Each structure stands twice: as C-alpha cells, then as structure tokens.
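Colleague: Let the sequences and hints guide you as you build the complete structure.
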Amino acid sequence: MTELKRIMYVEDEPDIRAVAELALSAVGGFEVQLCESGEQALGSAEAFQPDLILLDVMMPRLDGPETLQALRKNPMLASIPVAFMTAKVQPSEVEAYKALGAIDVIAKPFDPMTLSDTVRAIWQRHRGE
Amino acid sequence: MRSPAIPDNEVERMRSLYATGLLDTGPDERFDRLTRIARCGFGVQIALVSLVDRNRQWFKSRQGLEASETPRDISFCGHAILQPEVFVVEDTLQDPRFADNPLVTGQPEIRFYAGAPLRSADGFPIGTLCVIDSQPRAFPENDCQALRDLADCVEEEIGKNLRQRYYRALEALAAIRTDSRSDLQSCLREGLTLGCEYLRLPFGIISAIDQDTYTVQVQVSPEDTQQDGQTFSLASTYCSLTLKANRILAIDCMAQSEYAEHPCYRAFGLESYIGIPLRVGGGLYGTLNFSSPDSRIPSGFIDFDYQFVRLLAGWVGALLDRWEVDNALGRLRAVEMAVSRAQETFINRPDHRQAFAELLDEILQFTQSEYGFIGEILKDPDGQPYLKTNTITNLAWDDASRAFYEDNIAEGLEFRNLDNLFGHVITTGQSVLSNDLPQDPRSAGVPQGHPIIHSFLGLPIHHGNRLVGMLGLANRPDGYLESLARELRPLLRTVGQLMEASRVQRQQRESERRLESVIEATDIGTWEWNVQTGEVILNERWADIVGYRLAELEPLSIETWSRLVHPDDWVGVEQMQRLHFSGELPYYDVTFRMSHKLGDWVWIQARGRVMSWTDDGQPLLMSGTHSDISQRKAAELKLTESEARLRGLFELSPVGIALIEFGTGRFVEVNDALVESTGFSRNELQGFSYWDITPTGYEAEDVQQRETLLTQGKYGPFEKEYVRRDGSHFPVILHGMLIEDHSGRRLIWSIIEDITERKRLATMQRQFVSTVSHELRTPLTAISAALSMVDKGVGGALPAKAGDMVGLALRNSERLTDLINDILDMEKLVAGMMPITLESQELEPLLARILADNRTYAERFGVQCVLESSPSATVVAVDPKRFTQVITNLLSNAIKFSPADGTVQVTISSQGEQVRVSVADRGEGVPEHFHDRLFSAFAQADGSDSRQVGGTGLGLAISKQLMERMDGVIGYCDTPGGGATFYVDLPRQIIQPANGEQEQL
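Residue numbers (this note's numbering), protein chains in the order written: chain A, -7 to 121; chain B, 217 to 1217.
None of these hints come from the bench; they were simulated from the model. Misleading hints may appear alongside valid ones.
[Unchecked claim] Cut-off 20 Å, straight-line C-alpha distance, at most; resulting in silico cross-link-like pairs (EDC-like, lysine to aspartate or glutamate): (1) A:Lys80 <-> B:Glu1030; (2) A:Lys80 <-> B:Asp1041; (3) B:Lys1008 <-> A:Asp109; (4) A:Lys100 <-> B:Asp1069; (5) A:Lys65 <-> A:Asp55; (6) B:Lys376 <-> B:Asp244; (7) B:Lys1097 <-> A:Asp103; (8) A:Lys80 <-> B:Glu1043; (9) B:Lys376 <-> B:Asp338; (10) B:Lys1097 <-> A:Glu87; (11) A:Lys80 <-> B:Glu991; (12) B:Lys595 <-> B:Glu726; (13) A:Lys80 <-> B:Asp468; (14) B:Lys1008 <-> A:Glu5; (15) B:Lys1097 <-> B:Glu1060; (16) A:Lys100 <-> B:Glu1043; (17) A:Lys100 <-> B:Asp1034; (18) B:Lys936 <-> B:Glu956; (19) B:Lys595 <-> B:Glu627; (20) B:Lys813 <-> B:Glu775; (21) B:Lys1097 <-> A:Glu85; (22) B:Lys1112 <-> B:Glu1075; (23) A:Lys80 <-> B:Glu726; (24) B:Lys376 <-> B:Asp519; (25) B:Lys1044 <-> B:Glu1129; (26) A:Lys100 <-> B:Asp1041; (27) B:Lys1008 <-> A:Asp103; (28) A:Lys100 <-> A:Asp7; (29) B:Lys1008 <-> A:Asp7; (30) B:Lys1044 <-> A:Glu85; (31) B:Lys376 <-> B:Asp359; (32) B:Lys604 <-> B:Glu716; (33) B:Lys460 <-> B:Glu477; (34) A:Lys100 <-> B:Glu1030; (35) A:Lys100 <-> B:Glu991.
[To be verified] Just so you have them, the derived chain B footprint on chain A, three or more residues with Cβ under 8 Å: (36) 7 to 16; (37) 82 to 88; (38) 100 to 106.
A quick note: this is a predicted structure, and the numbers were derived from the prediction, not measured. Quick reminder that beta carbons are idealized off the backbone N, C-alpha and C, glycines included.
Modeller: Pasting the structure below:
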C-alpha cells in the first residue's frame, strides 16, 4: 500500500489555509502544498504530484467541483484522488460530491488535531478498495 | 103514394136538429107570430113550422091544425127538406106522390102544399115553414119568394133560440158571485153545474195537473160519485188526449172513436167527453172537462158547445188565476213576513241560533212541513263539503239520538255523509224534491228508528253565486210542489244573506277579540278622532306612552295630541294627513316625536285610516294606533352605527375580506385589500367564483375545507394560492365562517390574507441567518483550529499562564461554534429543510456508541456515563445522526449539570408500544416553574447557568424538533432522590426474525 505523503490543500481563506497547513504538516507530518485557488491548484499539481488533493468547495471563480472536473480532464492529474472540504455535509450533498468523483467529504469546521487522522483514514479506505 | 126519401146527410141533419133544442118544447110566440102572418098572408087554412124528426114531423108552431105531429112517411115536409127551393104541390090530387096520401084523402084533406125548407144554424135542413089549404091553388113565383122570406125569418128565430140558450147560460155564469167574499171552490162548482146543465152532461171536473198527476180540484157528479181532491194518473184520463191536442177536444161516442182503446174508456166507460186545457198565469194549470156515460148521438157536440166550453174555461181560468195570485200573494206575504221577522230577530238578537230557530218555525208553518232544518255548508280541511245545522227540528227517536241532539244542538249538528238527499243538494247545488221518498234512490242513509219521511224538499241557499247552505223540509201532507220551491226563493235569498251576515259577524267578533288581545299584548295606544269636531277618544296606553295618565290629559281633544308633537315633525305629519285624506294613500302611517312628561322625546309610529266620511266627502271619523318605537329607533340608530363601523373595518382592512356565496363560490362582496392583491377590478372579481382564481392542485384541499365549513361552521386557517390578473400566483392564508342571510342563502365570510410579503420576509430572514452563520463560521474555524493546536503544544510549549488563557479562548470559540451550529440547525428545522431519514437501528449498540463518543467530554467533568443494558434487543426507526445529536445533547447537559464524580445513568425501558431512553443525572434538577419552558428556544433556568456550564440554550429546542420529526417525544421528569431525568420515547419496531430462525421456532 502506497503511503500518503504529499497533500495539496486548496483553500481561498488564508487563515484556514494556515491552520490546515499546520494541522497537516506539524500534527500529521505530511508534505503539504497550499493553493489559494482552483486555478493555482491546476497550475501546480503537475509539478507537485500530490498523493491526495483536498479541495474547498466554496471558492470564488473556480469552485471545488469545477476544479475537480478540470483536474479530471488532465490525463496527468486525472488519477489523483480528491476529497472535498465543506460545511455542507448533508447525506444528499455528500452523495452528490461523491458522484462528481470525490473519494470523500471532510466536514468543516475540522478539528486540527484530528484532521490528519481523518485524512489518513480516508486515504486508507480509498486505497483498500 | 110515395114516402119521402131519407137524405144522405141524415145523421148530421139529425144532430143539427137536436142541437136546436126545439123538439117537444112548448109553444113559442116568436114562431106563432110568423105562422099567423103566413096563414093570413097567403090566405090558407093551415100554416106550420114543422121539424122533421127521425120518424115524425113535429110542429113547433101550427095554425089551423089540431095534430101536433104526424108520421114522417106520409109527411109533405119530408119531401120538402130534400131540396133547397120552395116545394110546391098546387093540387095534391093531380100529383101521384100525394093523391092517395091519407092526409089528402082524409083530414085535413090537403089539396095544396107549399113548404120552404128551414136550415139550422149549421146549414142542415131540419124542417119547413109550410102553408096548406084544402083547395088547389096556384103558387106563383112571387108567392114562393114571400114564403121563402118568411122561412128565413123562422130560421132566424131558430138560430136565435140556440143563441138565447147560450146567452142565458152565460148570464147565469156571470151571475155566479165571484167576488172575494164567496169561496172559490163553490164558485167553480156553480160554474161546473151550469156547464153540466148547458151541455147536458152529468160529470164536470176542473183538474190540476202537475207532471203526471191529475188532481180533481172541483167536480160535479151525480150523487157525488166523485170527490174533490181525488188524484189519478194523467195517462188514465181523457185529459191526456186534450193536453196532447193542446186545444178543445170533444168525443161524441167513445166506442165508435179512435180512442176506444183508451184506458179511461175501459175504466169508466164514459162515452162522451169534452175537455179543454186550462191556463193560469200563462202556464198550464189542468183541464176543464165534461163527460157522460151516454153517447152524444145523434146531436153530438156542436159549435155552441165548443163556444161555451171555451168561454167557461176562460171564466174558470180567470177565477183560478185570481185565486192563485191571491194565494201566492198570501204565501209571499207570509214569506215576506218571515223574512222581515227573521231580519228583525237577527238584528235584535245576538244569538243567531235562536233567530234561525224562529225562522225555521215560520217556514215549517206556512209550508205545512213536519220537520225541517237550516244549515250552513262548510268545508273540512280536505275540501270536502259538509253540512252544519244552524237549527233543526228535534226528531230524536230514541235515547241515543236524543243524547246526540242535546249534546250537539248548541254547536250545530254536522252531517258529513253525502250519500243521501242532503248530499245531493250539497254536492250539486240543485234542489231536491221527492214526494215518494221510500222509493227514491237518493234517500239512502236514514238510520233505523228514524221517523218515516215520506216527502222531502231540499233547497240550496246561495249568497251571490256561492252555495252557502241548505234548507231541508219534510213531510208536507200534500207533498211538495215546484211552485213552493219557487215561492221560497226570496226567503232563501234572505237566509243566505243572514247566513253570510252571521258568518261575517262571527268573523268580525273573532277578529275584534283578536284585535283586542293584540292591542293588549302589544302595548299599542289607540285613538279615534272626529276630524270635523276635533273630539278624540284615547286609551290609557296612549297617555302612558308619553308618561301621563289619561285623566291628567283631560279635557281630550286633538289639541291634546298636537301640543305634544315635535315641531320639526309637523311637516311630515300634515303631508301624510293630506295624502290619506285625498285618497292617495289608503292608510295613514307616519313616524314623529312626542314630548314625554319627563321632558325627553318619544318616537311614535302612528297608523290609522278614515273610517267614515261626511256627505260632502270630508273625512269624519278616523281611528288608529300609536306605538312607542323609541327603542326600535335607538336600536336602528345603533345598528346603523355598528353597520358603518363594520363597513369601515371591511373597507379599510389591510387584509382581504370577501363575502362568498356558498353554493356557487361566487364573490358577492370584496374589499379593497383583496381587489389590490388580485389585481382584478372589483367588478371583475365579483363576476368570479373563488374556483376561477384558484390554480390547479388545490381541489382536494378546497373540498376538505368546504366539508369542515359545513360541519363546523368555519374553516381554516389554511394556506393556498390564488391567481392574479396577470396570471401569477400568490400565497394566501384563508379562514372564514358560514353565515345565512335573511333569505336563507348561505354565504361565507372569508378572510383572505395575502402572505406574499410575509413569505418574502421569512425567506430573507432565513437567508440572512444562514449567510451570517456561515460567514461567522469560517473565521471561527480558523480561530478554533489555531487555538486547539497551540493548546496542544503544536507551536511549542507555552508558559502555564498562557496555556490557561489559550484554553479559555479555545473553550469559548468552541461554544461559539456550537451556537452557530445550533442556530443553523434550528433554522433548517423551522424552514423544514432538515433532511431526516429513518432507518431501523438496534437501540443498545447505538447508545453504547454515543456514550463512548462522549466519554472524553464526560471525563473532562469527572463524570461517568453508564448504560444499563436491557435484557432484549430493541429496534427503533431513527435517523442515526440526528438521534445521536439528541442523545448527545441530553448527555452533555447531564454531564454539565452533574456534580463532580457523579454518574449519568442511561436506561432503556419499555412503555407499552413505546421505548423510552432516559438520561438521568444527580444534579440539582430543573426548578418546577421552568418545566413548561424547558424545550423552548434560548431558555435556561438561570441566566447565570450558561456561563458556568456552557450550552447555547437551543439544544433542547432542537432535540424536541428532531424527536418530533422522528415520530418521537422528548420529556422531562425529576430523578427520584434528586436530579434531572430527560427521556425520549420512540415507537418500538417489531423485529422481523430471519427465515431460518422462524423455521427453527
């Protein structure tokens, strides 16, 4: 099983980005690249080659789902698993995100101390399949 | 010698001869005078008036001859009557016919004969005037002429004789005293006797004929072989023939006539008869007839007989006529008397029954009736006519009928059986006359023991054209005649009028009585005003209305009233008087104010009318009423005010209001608010039914609301949509009630609140809350996360004081997060946007998981949560996430309120079909006064609590909402021994065992 090492975190809110980076890198020990928009993520993903991309749903211009679709169109990036991070975690909403191709949805607000564990668990569930 | 031949018309000649009545009568100077002239004038020995009888010649007058008669066969006159001219034999010896005649050969030795035939009044040669001498002599033409002239004189005298007899008879007739002093019967009898004598017939009868009945009124017969008053069937008398011929009828010899087979001839053997119809007062009365068992041959009835009978008939007729008129006048006078007495009695006696009784007595008397009744014809509720007697002869025949009579006579007997003689009158309105009742088919229904009724006259009583009653009379000894019925007509008319008057009077009394009670009951003041004199009559109540006693207002006059009338109301009062007096208004009806004794004004409604007028058309007496309508006026005023207020509310209401016809759904009235909401004009809207502006999809709901309206009288509130004029829909909340207008039409008052704006505001508010909450949450996430990591030493170890402060900041950021989450949950629940998906869950493992999840939190408070395991598996239908949220909320509350080292006990118990999960702590419990607000939003028992123990104040409210959405209930009770117990109840789900297990069982 491939170990989860590199995570790209896409979030337009800088403070959340900072907290998440701390939670993932300092607490979880992952290698994290932060992107402040979907466009930026699309631009840097090829270079970074993340094992997992965490996408905020609500972003100006290119939002989470749109970014996911764009990623899927790039053969180099199409196979990278993506999880959404959102406050909207109604079961129906979750189903809708999964239908778009997300492997899972992480509820916001997240607990920074357990975020890494959550991400790792998602990863393992995804790889185990 | 040759005997004279018998002439061809010998029979008629003989009748004519006999009719002269000359044969065998004494000497008569009239004829003797003429024979003397002849004897002297012609210078002969003998002159004769000879009448040629059947076998002889008889000399009515003779000069120069002793014999009074000689045989016909040797007579010269027998020859003389065979020719019209004078018969002359100048020398008998030269004439072979007479040469050997004994009168020639013997005494009186006739040598010369000249005879002029004598013709009777009807032209038959009955004899001669002849001159005879014993010497032959010539009798030239001038002698013949002279003899003829003398014969004419004799003929004249013969005729005169008949006429004389006729006139004598007439004189005798005229001499009969027919004045009023002698009685009719004897007058008529004298006339009849005269007739019998003149006609030489033994029987004479004056008959009255009614229908088929021939009654002998007066008769003359030998030794009274007949009686007055005898009756025969008309058909059995010769008079039937007379009536049929309708003229004088004479039969000389019945045996030889065509009537030989007539029953009268066979019964009485009368051979001769002469009869004539009698007319009285223009109508047929009967006959005058004479008859004899002897035939009237040879003379038969001659012209004078006919004349005589005609005259006598005229005489009898005139007499009867006068008598009838007298009689009728007498009866009419009696009727008239009865009428006037009846009227008098009616006027003077209040008791009409007695008056009817007296009237009936009189009628019974002059109609010679035994029984009678006068009755009204009334109708029962089914419209069947029946008879109710005003008076009736008491003909009770046994105890039962006597009792019936006594019991009912005061009120009047009622006869409802119409299948009898009464019934015939009642149902047909025609009179009934029967003189042979036992045989009459209409005489049914006479009870056993009832006195025998042999004749009956039932007469209808009319008033105008209306049948109002009947008069019944019975048992007149001579039976009833149609003429009696005719004569009673004026009486019946009067009885009809009296009956009507009696009825009207009864009604009047009744209505007067009612009026009196109405006046008493309705507190109406009454007044009567002599318009000409100004006098008035008022009742006590009239005065009472204006606060006075009547005595205080005296002397009474029209001034009494006019003084009290409000000056401003005079114009209306006077105008009304003018209109009524001029006849433009049939009633006087006006409202005005009158001054009350206490100084205020009383509203009066006055009604009345002029009751009588002066000869020159001025109003004389006027009467009417006063009613106090002050209260009504006040009420009217109040009603008007309240109407206006309600109308204002209706018009100005910002909420739509409509009056809708229940049956059709049509808008009857709508207010401005509704007009504005719909965008239709008022007229357009009032042309619609509410169905016209309801979009599809609301049919079922509308039907249900109508049902509610019908059963409960009101409906709603419920929400639906209406269509605006531009086609768009808008939401409304409806409620209303069912009413009925004065005509019984069912209407709906509907409040139609346009909630477009309210909905828009609610949506805006929700969006605002949602937006704000989300906006708050993002920075809070960052704060919490950052603090959390600092607290956990991610950024390196902190000094102890700093660590405390970070912990404080972290706790508060968490509280803020919870608060925002709760607000968002609440908002979703209220908006119905919270998705709930029920799944079957085994309760115990679910609870164990929730307890485990909260262990960390509990440990933070030093509290232990314990789940008491249940003996059997329990399955419930819940949304696991939301159920978890509820139990977590209860647990966290329990943990927060538990004392340190306390225990929170979670128990599953069975409550019938329900399963209860209780969360009990040993804290302070919830004060009683707060129990009913526990599950309201932002409620905490003590404002200070939240700061000590945390919590948003929304948790329980959210839990309550969530439980309701999961068909559960949340509740509270005190923990026995202190503390709070919150519980949720859920319906237990029946566990469906797997198939394999079922087989094993």
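Colleague: Run every hint past the structure and note whether it holds.
Modeller: Going down the list of hints, with the structure as the test:
no., hint, verdict
1, A:Lys80 <-> B:Glu1030, "holds (19 Å)"
2, A:Lys80 <-> B:Asp1041, "holds (12 Å)"
3, B:Lys1008 <-> A:Asp109, "holds (15 Å)"
4, A:Lys100 <-> B:Asp1069, "holds (19 Å)"
5, A:Lys65 <-> A:Asp55, "holds (16 Å)"
6, B:Lys376 <-> B:Asp244, "holds (12 Å)"
7, B:Lys1097 <-> A:Asp103, "holds (19 Å)"
8, A:Lys80 <-> B:Glu1043, "holds (14 Å)"
9, B:Lys376 <-> B:Asp338, "holds (13 Å)"
10, B:Lys1097 <-> A:Glu87, "holds (16 Å)"
11, A:Lys80 <-> B:Glu991, "holds (14 Å)"
12, B:Lys595 <-> B:Glu726, "holds (19 Å)"
13, A:Lys80 <-> B:Asp468, "violated (151 Å)"
14, B:Lys1008 <-> A:Glu5, "violated (23 Å)"
15, B:Lys1097 <-> B:Glu1060, "holds (15 Å)"
16, A:Lys100 <-> B:Glu1043, "holds (18 Å)"
17, A:Lys100 <-> B:Asp1034, "holds (13 Å)"
18, B:Lys936 <-> B:Glu956, "violated (25 Å)"
19, B:Lys595 <-> B:Glu627, "holds (16 Å)"
20, B:Lys813 <-> B:Glu775, "holds (16 Å)"
21, B:Lys1097 <-> A:Glu85, "holds (15 Å)"
22, B:Lys1112 <-> B:Glu1075, "holds (11 Å)"
23, A:Lys80 <-> B:Glu726, "violated (93 Å)"
24, B:Lys376 <-> B:Asp519, "holds (14 Å)"
25, B:Lys1044 <-> B:Glu1129, "violated (30 Å)"
26, A:Lys100 <-> B:Asp1041, "holds (15 Å)"
27, B:Lys1008 <-> A:Asp103, "holds (12 Å)"
28, A:Lys100 <-> A:Asp7, "holds (14 Å)"
29, B:Lys1008 <-> A:Asp7, "holds (18 Å)"
30, B:Lys1044 <-> A:Glu85, "holds (15 Å)"
31, B:Lys376 <-> B:Asp359, "violated (26 Å)"
32, B:Lys604 <-> B:Glu716, "holds (14 Å)"
33, B:Lys460 <-> B:Glu477, "holds (16 Å)"
34, A:Lys100 <-> B:Glu1030, "holds (13 Å)"
35, A:Lys100 <-> B:Glu991, "holds (13 Å)"
36, 7 to 16, "holds (count 7)"
37, 82 to 88, "holds (count 3)"
38, 100 to 106, "holds (count 6)"
The structure is inconsistent with the numbered hints 13, 14, 18, 23, 25 and 31, although it conforms to all the rest.
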